[in-house]
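Asker: Please model the entire structure based on the sequences and the hints provided.
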Amino acid sequence: MAWNILLTIVIVFFTLYFYFTRKKSSKTIAKFQQVCQKYDYDNQCIEKKANDEIIRSSKFTSIDPQDPNKLKFTINYYENCRTMYDVLPQGSELTIDRKCLGRLNESKTEIDWISFDEVIRRNKYFGDGLIHIGVEPKSTFGIYSVNSPEYTITEHGCYRHSIIVIPIYETLGSNICAFIAKQAALSTIFCDDLKRVSDVLDCAFEFGGSLKHIIVSFVDDDNQFSTLKSKAELTGLKLFTMHELETLGEINPVNDHKPHPDDLAVICYTSGTTDAPKGVMLSHENIVANFSTIMYHLDEYHLTSKDTLISYLPLGHMFERVCEAGMLAAGGKIGYFSGDIKRLSDDMKIIKPTMFPCVPRVLNKIYSKVQENVSSSSIKSWLLNQAYKAKKSQLSNRIYDNDTFWDILVFNKIRKLLGGHVRLIPVGSAPMNGKIIDFLRCALGCHILEGYGQTECVSAATVNTIGDFSLNNVGVPLNACCLKLIDVPDMNYWVSKGKGEVLIKGSIVFKGYYKDPKKTSETIDKDGWLHTGDIGTFNMNGTLRIIDRKKDIFKLAQGEYIAPSKIEDVHIQSPYIMQIFVYGDSFKSCLIAIVVPNFAMVQEALKNRGKLIDINNNDELRVDQDIRDFILEELNKSSAAAKMKSFEKVRDVHIHPEGFSIENGLVTPTMKNRRFALKDYFKKEIADLYSKLE
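As numbered in UniProt numbering, residues 1 to 694 make up the sequence shown, in order.
No lab work stands behind these hints, which were simulated from the structure alone. Any given hint might turn out to be false.
What the hints assert, rightly or not - Cut-off 30 Å, straight-line C-alpha distance, at most; resulting in silico cross-link-like pairs (DSSO-like, lysine-lysine):
#, residue 1, residue 2
1, K499, K229
2, K182, K672
3, K138, K511
Said to hold, decoys possible - Taking CB as the label site, the calculated pair distances span:
#, residue 1, residue 2, range
4, N80, I547, 51 to 61 Å
5, K497, G533, 14 to 24 Å
6, R361, P253, 21 to 31 Å
7, H302, K519, 28 to 38 Å
As the structure is a prediction and not an experimental result, all values here were calculated from the model. Quick reminder that beta carbons are idealized off the backbone N, C-alpha and C, glycines included.
Answerer: Okay, here's the thing in structure tokens:
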């Protein structure tokens with residue numbers, strides 16, 4: 001014990017010496033202090049009466065003077081940026097160093113940048129090349145590729161001629177790709193490599209005859225390319241390299257077919273958990289309004305030409321697409337990660353992003369890693385706790401600072417994992433544990449903003465306000481939309497009691513589902529309100545909290561309604577649980593669950609109890625009683641903390657050593673549980689669990 005105290009004194013002494021004698025500059029950590037105190041954080045969202053309804057909106061959403069019952073939405077942040085066609089020219093006017101898109105070099109030691117001028121020139125050539133080979137303006141164009149500079153050049157080449165972009169998830173199966181290609185009548189598909197070209201050719205006969213051209217960006221095997229080109233010709237298709245197409249466009253220039261704000265820009269197919277994917281039709285105005293309203297919301301902390309975004313979340317998701325569009329319009333830079341998620345931290349150290357779009361799973365892993373690193377040392381745990389308390393005190397005064405004594409001693413190591421320059425982390429796609437957000441705000445010294453939305457409103461409809469550190473909410477309405485709640489009698493949610501289904505209206509609401517008027521009318525009512533299917537309530541300070549899901553409900557044997565997503569969202573907040581699938585049978589009286597634990601955290605916790613487990617033996621992990629008991633204990637704690645009803649509590653669990661993944665078909669590309677697939681995959685385990693409980 002004496003040695004521990006002595007070591008602590010030595011660490012503190014040298015840290016203090018370093019802190020007070022060092023120069024106030026560093027190449028690895030960007031330093032800043034920001035004080036956020038000018039906003040009324042107790043009254044962020046206001047009620048307005050429009051068309052005899054009480055709705056919630058941003059303070060910056062005004063009443064239309066021509067119609068007092070009509071709201072007027074602000075949709076353009078930049079005067080000359082009204083469509084996606086305008087994004088790159090707008091950014092080119094604002095950029096300082098001309099750098100636009102960058103990728104890691106072959107040795108993965110530095111970034112090779114492409115300038116705004118080159119990106120604009122190349123997307124012009126690419127777009128003109130499309131017209132030259134017969135692609136019609138306003139036709140549909142598929143992009144089947146990982147994130148890359150070529151992806152973005154291709155996308156904006158399409159906007160040159162009002163061609164509608166349809167992103168195809170790189171991880172979707174061939175049957176879903178064929179469904180999208182056939183329904184959307186794709187005339188052309190862009191692929192990033194020859195493997196994907198081969199995949200397209202293998203199922204081209206299922207596309208319905210609309211496909212005419214395939215374009216590939218990278219050719220690493222000339223012989224394979226020749227073989228695939230011959231195969232394409234035999235099926236009536238033409239295969240081009242991206243370079244060939246750009247050359248055709250360069251020597252055969254045509255006038256641009258500029259889009260109108262109301263024209264379709266993207267048809268983004270949502271990853272359904274049960275049904276076939278639906279094509280969400282988004283206009284140029286929808287997308288520009290979404291990133292514009294976020295820029296307004298960020299106020300003085302908005303994106304600038306000094307910012308850099310790391311592109312690693314799939315561009316098939318509108319969340320990432322909106323982040324990148326906003327960055328380009330601001331004249332900022334986009335650096336593309338290497339493609340290996342295990343290298344993400346290494347890539348960030350090279351790219352040095354200032355903006356790091358995230359899903360909760362990524363931040364949960366960062367948090368878990370930090371906790372793992374200190375759990376074996378009482379001194380480290382004590383220091384981390386003291387550092388957190390000190391920084392938390394600063395946050396209570398609305399001060400962001402990453403250059404304190406505790407940053408030097410503890411937190412800078414964490415910041416360096418993200419490249420040392422991150423100032424803004426938008427979080428979307430799933431609920432986030434408030435305690436983890438609170439900790440990471442202290443540790444990273446940057447703005448972490450949680451948002452809420454869905455593809456049907458582009459990406460975000462609500463976002464946390466800069467400087468508002470209240471937890472467990474998804475912020476306030478952006479100024480391009482308004483929200484209201486409606487009663488859900490079947491679930492006993494009533495607006496009179498402050499709870500109901502969340503409805504959204506405004507310039508970010510989509511145009512409908514492609515070739516599906518029935519589902520469109522079920523989702524957008526006659527007054528233009530988008531019915532989200534999410535249950536929400538507004539907190540006293542005007543922020544929205546999502547509390548339930550309308551569609552994911554079933555009954556147990558006694559007739560109690562169960563919302564499994566709501567229960568899963570509670571339990572996934574535990575650092576000991578990576579993934580969970582809650583299941584209930586209508587002929588049974590209780591719930592069971594399939595759990596993928598965070599085995600490293602569980603191992604450490606059990607070790608502290610004097611129990612050792614081998615986390616490398618999958619067969620043992622499945623049946624280890626200590627792990628099962630520990631996870632059940634954690635589930636019970638979470639249930640109690642959330643004040644769940646007795647019938648909402650999980651009674652037994654099966655421990656699964658391998659994650660639910662897109663590859664094994666158990667989750668969607670946005671990492672949502674595929675319930676029917678999970679039920680079928682674990683039908684034996686489910687039967688065994690219920691058999692034990694009988």
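Asker: A separate judgement is required for each hint: does it hold in the structure or not?
Answerer: For each hint, the structure was consulted:
Distance restraint check for K499 and K229: the Cα-Cα separation of roughly 58 Å exceeds the 30 Å cut-off, and the hinted pair is therefore not satisfied. Between K182 and K672, the direct Cα distance comes to roughly 25 Å. Compliance with the 30 Å bound is thereby established for this hinted pair. A distance of roughly 16 Å separates the Cα atoms of K138 and K511; the hinted pair therefore holds under the 30 Å criterion. Restraint check, N80 to I547: a C-beta distance of roughly 42 Å breaks the suggested window 51 to 61 Å.
The supplied range of 14 to 24 Å is met by K497 and G533, whose beta-carbon atoms lie about 19 Å from each other. Remark: the range hint 21 to 31 Å for R361 to P253 is contradicted by a beta-carbon distance near 46 Å. The supplied range of 28 to 38 Å is met by H302 and K519, whose beta-carbon atoms lie about 36 Å from each other.
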